[in-house]
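The lines below spell out each chain.
2 protein chains.
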Amino acid sequence: MAEITIKDIAKQCGVGVSTVSRAINNHPDINPETRKMVMRVIEETGFIPNNSARNLKRTDAKCIAVLVKGITNPFFSDMIRIIEEETQRNRYALVLRHVEGSEDEVEVALELEKEKRLRGIVFLGGRFNHTREKIRKLSVPIVFSTINVDIPAGDGEVEFSSIAVDDRLESRKMTEYLLEAGHRDIAFITERPEESLGRKRIDGYREAFANKGVPVREELIRYVQDDMDHFSMENGYATAKKLLESGERVSAVYAASDSLAIGACRAILEAGRRIPEDISVAGYDGIRMGEYYNPKLTTVRQPVEEMAKKTISLLLDVIAGRQEHQQILFPAELVVRESTAERRRA
Amino acid sequence: MAEITIKDIAKQCGVGVSTVSRAINNHPDINPETRKMVMRVIEETGFIPNNSARNLKRTDAKCIAVLVKGITNPFFSDMIRIIEEETQRNRYALVLRHVEGSEDEVEVALELEKEKRLRGIVFLGGRFNHTREKIRKLSVPIVFSTINVDIPAGDGEVEFSSIAVDDRLESRKMTEYLLEAGHRDIAFITERPEESLGRKRIDGYREAFANKGVPVREELIRYVQDDMDHFSMENGYATAKKLLESGERVSAVYAASDSLAIGACRAILEAGRRIPEDISVAGYDGIRMGEYYNPKLTTVRQPVEEMAKKTISLLLDVIAGRQEHQQILFPAELVVRESTAERRRA
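Respectively, the protein sequence lines represent chains H and D. Mind the numbering: the first sequence is residues 1 to 346 in this note's numbering, read in order. Mind the numbering: the second sequence is residues 347 to 692 in this note's numbering, read in order.
So here's chain H without its partners, still in its complex pose:
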C-alpha cells in the first residue's frame, strides 16, 4: 500500500493542505470543528505527520542509550545536547538516563537492553570500575565518553571504544603554565588519587613540578570533600575555604574542574583577596560559564563538540560493522583568560 500523504488527507477532508497542516500543528487560525474533523480523518487513516513523531516511530527499533553520571555538572549539558542532535540526525532514538552514584550502571544498561531494542550504549562522565565479566554481559557496542575506564581495552576479550582527553598531559600543561608565570605555591583542588580521574590529573601536576625541578608542597594538594558532589561549586568553595583558613602560603589555585574553580573563586573573594592580583585561579573542562564568569576563567578546554560528535559517529560505525572499536584521545586547549596572572613579587 502506498504511504498516505498529507495531500490524501486534505483530499479526503475536502480542505487545503495548509489547513491540514494548521490542524496538525495546533495553529490558532483554524475553525475548531474543521480541526476536529481533520484530526479524526488523520486518526482513521493512520497517517503519521512528517515531523519528529514520525521519525520516532520509524526508528522505534533503533535506539541508543546515554547513561550519564553527574548530570548536574554543567560540562555534560553541552555534551548531551550535541549527542542528542547527532543521534536524531542519524535517525536513532535516544534514551537519556541519569545514573546516580549509588546505582550500578551496568544493571541499568541491562534493564534498558531488555525494554528497548538498544543498538548501542554511551557511558558519559564519571568513573567506571566494573569488571570485564560485568561488561561482557552487555550485548551491544559501548563507547565510554569523557569517562575514566579502569580496565584495559582491546585484549580480544572485552571490546569497547573510548573518547577522552589525555588528562595527565593536559593537567601537566596547565601546571607548567602556572609555574612559568612564576607561581610556586600552586594549590591543587582535585579528587583523590584513588579515583582514576584524580590520579591522572595529580600525576600531571607532579610531572610539571618535577620537570621544572621544583618540589611539590604536599600540603597544597587538597582533596574535595566526599560528603558532597565531587565536581560541584559547593565543593570547590568548601575545599578552598579550608585551604585559605589553614594559612598556607598560596599564590595560585588550580582546580580539577571549572565548577570547582568557580567555587574556589567565591571563597577567595569572600576572604577579601583579589583574582588574579592576589591569587590566580585556573580550572579544567572549558564550560561556558567560564567565559561569563567575572573574571573570565583560565582553563583546559576539552573539545566538547568534537568529542560528542565522534562519540556518536564511532558508535554508529561500530554498530554498522564499518569500524573496529577504538580508543581515541583528543587534544585539549590551554585557554588563558583573566583569572590568572604573573605572580607578583613581594
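Don't take each hint at face value.
For lysine-lysine, the following PhoX-like pairs were computed, each having C-alpha atoms within a straight-line distance of at most 20 Å [what the hints assert, rightly or not]:
(1) H:Lys296 - D:Lys460
(2) D:Lys382 - D:Lys357
(3) H:Lys114 - D:Lys460
(4) H:Lys309 - H:Lys69
(5) H:Lys137 - D:Lys382
What the hints contain is simulated information worked out from the structure, not anything from laboratory work. Everything numeric in this text was worked out from a predicted model, so none of it was measured.
With the hints as your guide, set chain D onto chain H.
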C-alpha cells in the same frame, strides 16, 4: 521459595558475608579467583544484591517519566536531581527524557507509554501548548512542573496537576524592588509576550510601573533572540550588548532568568560599566551559580526543592487515588544580593 540472602551465598561459597559483599562491590581487597567463584554462585542462584539494581527490578512495572524541555538550563539540574531522589525513595523507576524544541512531547510520552509500564508523567520546563484532544490521549496522570500550560485545568474534561510560582506576581515584586531603589530606566530582557512565560513576567513588570505611576519606556523591553536558546547566557549577552550599543539610558537590567542575567553581566562588564555601581542587574529563578557569581546575583528564587518534592508526592498521590488533581502555586522569594544597588543620583 524463600528469598535467597547474602548469607546463603556466603554459606554455599564457604566464605564470609563480607567476602561476598566485597565481590559484589568490586572491592580491590579480594582474591580474583574467589571473586570469580562468588560471582558464579550468585549468577547460578539468581541472587539479586540488595542495592539499587534490586530496586530497579522490583519496580520494573512502576515507572515515572520526566520529559524535560531545556535540559541545558541550569535551573532544571537541581529539579531533576531532587525529582530523581524522590522517585527512587518511593521505589519507582525514573525515565528521564529530554524533549527538543522540534519534538512533540505528547508523541514522545505516548511512545514511552507503549514501551514502559508508565504510571505517571512529569512535564518539566518550557511551554506546553497542546490541545485538550492531545492531552486526553495520555492515559496516565500528568503533572506539569515549572511549566506554563496554556489550557485551563479541571473542567472535568481534561485533568492534570500543575506546580509553579505566580510568575506575574513575582515579576512585579522584583520590578517594585528596583523602582523603590530609585531606578526608572529598568531594561527588561525577556521572552516575547506570545510565549506564556514571557507574557506573565512582562505583565508583572508593567503592573509594578503602573502601581507606581511611572511610565514604562517601551524601548527598554528587549526580547531575546529567537536564533539561540531563549534562556541561555549567550542570549542574555547578545541582547544586553545590543541594548547597551543602542545608547538608551539604562540604570538597571532585569532579566527573566538568571542565565540571561549572567550573560547581561558579561556584556555590561565588557562595555566598561561596573555592577552595581553603574548598572544594577537582577535575574529570576535562583540558580546556584547566582550565589557564586561575582557580584552575587539578585534574583527571584523559586523554591526548587519544595517544588520538586511536591511534584512527585502529588503525582504519586493521584496515581494511588489518594488525591484529586491540583493546581499549586508556590511563593518565590526576592533575594537581594550584590548585583543591585540604589540608583546613583547624577
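These are the hints, each one checked on the structure:
1. H:Lys296 - D:Lys460: With a Cα-Cα distance of about 47 Å, the restraint between Lys296 (chain H) and Lys460 (chain D) is violated, given a limit of 20 Å.
2. D:Lys382 - D:Lys357: holds, 16 Å
3. H:Lys114 - D:Lys460: holds, 14 Å
4. H:Lys309 - H:Lys69: holds, 19 Å
5. H:Lys137 - D:Lys382: holds, 14 Å
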